[in-house]
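Asks: Please work from the sequences and hints to get the whole structure.
Heads up: the protein sequence lines correspond to chains A and B, in order. As numbered in our numbering, residues 96 to 330 make up the first sequence, in order. As numbered in our numbering, residues 135 to 384 make up the second sequence, in order.
Not one of these hints is a red herring.
Heads up, incomplete: computed chain A residues facing chain B, CB under 7 Å, no partners named: (1) T120; (2) M139; (3) F152; (4) L207; (5) R217; (6) L286; (7) L296; (8) R310; (9) A317; (10) T321.
According to the in silico footprint, chain B covers these stretches of chain A (three or more CB under 8 Å from chain B): (11) 122-130; (12) 230-240.
The set of hints was computed from the structure by calculation and includes no laboratory data. Keep in mind it's a predicted model, so treat the numbers as computed, not measured. By construction, the Cβ of each residue, glycine as well, lies at the ideal position given by its N, Cα and C atoms.
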Amino acid sequence: MIGPLLTTIAMGGVAALDATPVAQTLLSQPLVTGTLLGFVWGDMPTALRTAVVLQIFAASTQPVGARTPEDYAVGGVVGVGLALALSAPQSFEFARQSAILVGVTGGMLTALLGVRATRWQRGYNEALGRWCEERLRAGASRALAQAHGAGIALTFALGVVMTAAALGLGLWACSDLVVRESLRLSRAWRLAEPLLLGVGLAQILHLFVQRRLLRAALFGAALIGTWLVLMLGGR
Amino acid sequence: MAALRKADLARMAWRSTLLQATWNYERQQGLGWAWSLGPALERVYPDEALRRARLVEHTAYFNTQPTMASLVLGAVAGMEEERAETGAPDAAAVARIKNVLGSTLAALGDRLFWFSLRPFAACLGILGALTGGWPGAAALWLCYNVVHQTVRFMGVGWGYRAGPGVLGESTRGRFQALIRWFSAAGAALVGAVAAMFLVPRGDPAPLVFQAALAAGLTLGLIAARRSRPSPTEYGLGLCILCVIAVWFRG
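Replies: Below you can see the structure in the form of structure tokens.
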């Protein structure tokens with residue numbers, strides 16, 4: 096379990112880098128990191144079930160303007176990593192479901208707490224900006240490269256520390272709980288999962304529709320059409 | 135003074151991947167902008183002291199949607215080339231055009247990348263994950279990056295050739311057509327994803343699941359009209375409520 100745990104922690108750093116400072120390729124989205132973690136831990140169903148819920152919420156979180164969005168890059172890695180680590184020693188389905196509930200909750204909580212970490216880092220970057228301008232004026236041409244190196248290193252370190260801390264805390268607090276209360280937690284997950292999927296999908300639908308009747312009609316037609324195809328195809 | 139080459143534009147595009155590496159509340163993308171513009175300044179200002187002075191000017195406040203920054207970079211690189219040759223436009227004019235282009239492209243880029251393409255790619259990925267497992271993540275990543283990397287790497291050239299008029303009628307029209315297409319297709323994808331949850335693997339989900347999904351959709355549509363609490367806060371609240379409800383039911 097140590098190998099996959101260390102890989103998960105490193106992935107937290109990589110996801111934090113991709114989210115804002117480097118390239119923004121969406122490698123940091125929970126579905127992508129979750130799938131990679133599914134391969135690492137050898138449990139794709141648990142990884143995907145956790146990642147899909149977190150991905151729906153991540154997709155409706157917008158990094159627009161100066162707003163500090165929830166950190167679903169680290170939150171996604173922590174959520175899926177926690178679910179996988181907690182369900183790894185379990186063989187029963189209800190124990191796995193309770194691990195997913197803990198994973199999703201832990202992922203969302205980390206994403207929310209990540210807002211504070213991002214704000215702190217952006218404050219630190221202000222000092223870095225002033226230092227860089229001063230050095231440039233003094234004739235140090237490499238100041239820009241050094242400032243960028245420092246910004247990237249700090250983001251990676253912060254991502255790794257946050258992932259390690261959240262995973263450590265989650266595993267310490269919930270390992271016993273998932274075993275002892277797996278029946279109750281799995282029942283709570285069976286109730287929470289559709290509610291979460293519904294709330295998340297509604298947020299994405301709201302982004303797309305924007306009070307356009309045609310788009311709302313397209314949503315309805317696709318829902319009914321796919322439902323019919325699946326129902327008739329299943330018989 | 136040397137003219138900008140294709141290799142300089144390519145280096146600018148590569149460097150623009152770090153546009154947000156030092157994002158902060160004071161200058162926002164200012165440092166990243168100066169870093170990205172560096173290759174153009176190196177080419178057109180052979181004198182190191184003058185180049186450093188221009189670089190310092192460009193560390194001032196700048197903010198736009200990160201992918202669309204490529205277009206502004208190309209346009210401003212062309213202006214700096216002209217400035218090095220003729221002395222005009224001056225620093226204030228360059229800064230003004232940079233900020234006007236930045237804010238206009240931010241409005242367009244936010245709608246295209248954050249409100250349309252990213253949720254569209256996410257829905258495509260989720261649909262893929264529900265039907266085929268791991269290929270869903272690949273679909274999400276590829277779908278987003280085809281558009282994102284094209285604009286990022288070609289955008290510098292587009293901006294350089296078109297200059298400050300890069301956001302003309304035809305470019306705006308093309309981006310707006312993309313926004314319309316992704317929004318319409320995205321709404322249909324959300325419908326397909328919802329149906330996949332209702333009928334997983336060809337068998338209808340339990341009635342409780344269907345009812346809870348419908349309740350979640352309704353709550354989500356009501357919640358989407360307000361910015362607070364955020365969807366994540368709603369999600370966390372629902373998780374806690376479900377645990378409490380099940381706990382006390384015994």
